[in-house]
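Throw the hints in and build the complete structure from the sequences for me.
Numbered per mature numbering (1 follows the signal peptide of the UniProt record, and there is no 0), the sequence shown spans residues -26 to -1, 1 to 350.
Treat the hints with care, since some could be wrong.
Cut-off 25 Å, straight-line C-alpha distance, at most; resulting in silico cross-link-like pairs (BS3-like, lysine-lysine) [stated by the list, open to error]:
#: 1; residue 1: Lys69; residue 2: Lys80
#: 2; residue 1: Lys36; residue 2: Lys67
#: 3; residue 1: Lys80; residue 2: Lys67
#: 4; residue 1: Lys80; residue 2: Lys36
With beta-carbon atoms standing in for the labels, derived distance ranges [what the hints assert, rightly or not]:
#: 5; residue 1: Ala112; residue 2: Ala70; range: 22 to 32 Å
#: 6; residue 1: Val314; residue 2: Pro161; range: 22 to 32 Å
#: 7; residue 1: Gly315; residue 2: Asn189; range: 42 to 52 Å
#: 8; residue 1: Ala70; residue 2: Gly240; range: 19 to 29 Å
#: 9; residue 1: Glu125; residue 2: Thr346; range: 45 to 55 Å
#: 10; residue 1: Thr223; residue 2: Val18; range: 33 to 43 Å
#: 11; residue 1: Ala95; residue 2: Ser350; range: 38 to 48 Å
#: 12; residue 1: Ser124; residue 2: Asp53; range: 34 to 44 Å
#: 13; residue 1: Gly344; residue 2: Arg129; range: 40 to 50 Å
Derived by calculation from the structure, the hints in this document are not laboratory data.
Only a predicted model underlies this, so the values are computations on that prediction, with no experimental measurement involved.
Beta carbons: idealized from backbone N, C-alpha and C, even for Gly.
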Amino acid sequence: MKTRIVGACLAVGATVGAVFAPSAQAVPQFDQAMVQAAAVELGVTPARAAQRLDIEQRLSRKLADLQASGVPTDGAFFDNTGALVVNTSDSAKVKAAGLTPRSGVKGERALTNLSAQVERALGADVSQVQSWGPDVAADRVVVTVEPNASEALVRKLSAMDGVVVETGAKLVKHADVVPGRIMDLQPGTNCSLGFNGTRNGAKVLLTAGHCVEGNPDILDANGTHIGKGAGTRFPSVDMGIVNIDAEDTQRAYVDTRMGTTVRITGASKAPINTTICKAGNTTGWTCGRITHYNQSVRYSGESTTTTGLARATVCTEGGDSGGAYISGNTAQGMTSGGPVGVDCGYNQGANATGSYSFYQPVVDAANYYGVTLLTS
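As structure tokens, this is what we get:
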């Protein structure tokens, strides 16, 4: 009988590398590549970067506790100082929790409604647009248009209050159609493995929806059968589910493709500007920051808009689709796509190309499919 290990870049293990703050006081352990990437992006020492990662995780938990207690929040982001800024109508409770309240802005819900207005305004011109959605930190909606978008469309969108227009490179789904390890599709090409979990007691895997269109058989790098596609939602959103063979071994960690693993202890939608890394078969371990949620994207060759995606300054290429994004030890999502013609290198950590990518939040996929994520 075969025994295969199935990863989200998946599989179980401990985070590696003890990091100490300058005071010699130990902070929680984080993957060293994640720490180094944060250091490059922030322009600080690795020790300071580890402190920042610790702060992000602790403040994110405080925000989650506030939301669970019923305190009204309307979007949140980390500012340049590392403070967690929260849009709220209850400044006193947010401040008492050690977070920074912000009021007098549109907020995430209004920006989401404004995004819907943008979509209605686009009409037949939607083919000239790549993506649109809230920019919570800047309190605006950003519309990214094709390089050849008409001046009339740009003027119309720019005239909308709270909307900013920018021009982007061509977008493609990132699937040579593997959570860090390769996921060969038969028939088809390859993607990257996402997050393990269970549904009704059965073993399943969450990945990008466009990777498992047609419910292909799933093979590992050795050509061993590990599962079969069981459902997909694409292009409306980009989530898919795989039934994992009963004899296979699931793991609750991400394989960084650098000889280390990162434990998965939970899942969330971390605040804007949180440090995040992803593992993928093509580019390995690449890192950046979460920049947007609730993004609507028009991939090249698709006639339908993909909604509900998150955006990050994480570099990806074809074949990374479905790969696992993680912040600290908290699962975030699976690669969906990004701009064409990008050369990320391999295991480069911090994004030196200035590129970006879109990912499907894992919380939304788990909730839709009724999956309990495997954690350790």
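Going through the hints against the structure:
1. Lys69 - Lys80: holds, 20 Å
2. Lys36 - Lys67: holds, 11 Å
3. Lys80 - Lys67: holds, 20 Å
4. Lys80 - Lys36: holds, 23 Å
5. Ala112 - Ala70: 22 to 32 Å: holds, 27 Å
6. Val314 - Pro161: 22 to 32 Å: holds, 24 Å
7. Gly315 - Asn189: 42 to 52 Å: With Cβ atoms ~31 Å apart, the hint is violated.
8. Ala70 - Gly240: 19 to 29 Å: holds, 25 Å
9. Glu125 - Thr346: 45 to 55 Å: holds, 51 Å
10. Thr223 - Val18: 33 to 43 Å: holds, 39 Å
11. Ala95 - Ser350: 38 to 48 Å: holds, 47 Å
12. Ser124 - Asp53: 34 to 44 Å: holds, 36 Å
13. Gly344 - Arg129: 40 to 50 Å: The hinted range 40 to 50 Å holds for Gly344 and Arg129, with Cβ atoms some 46 Å apart.
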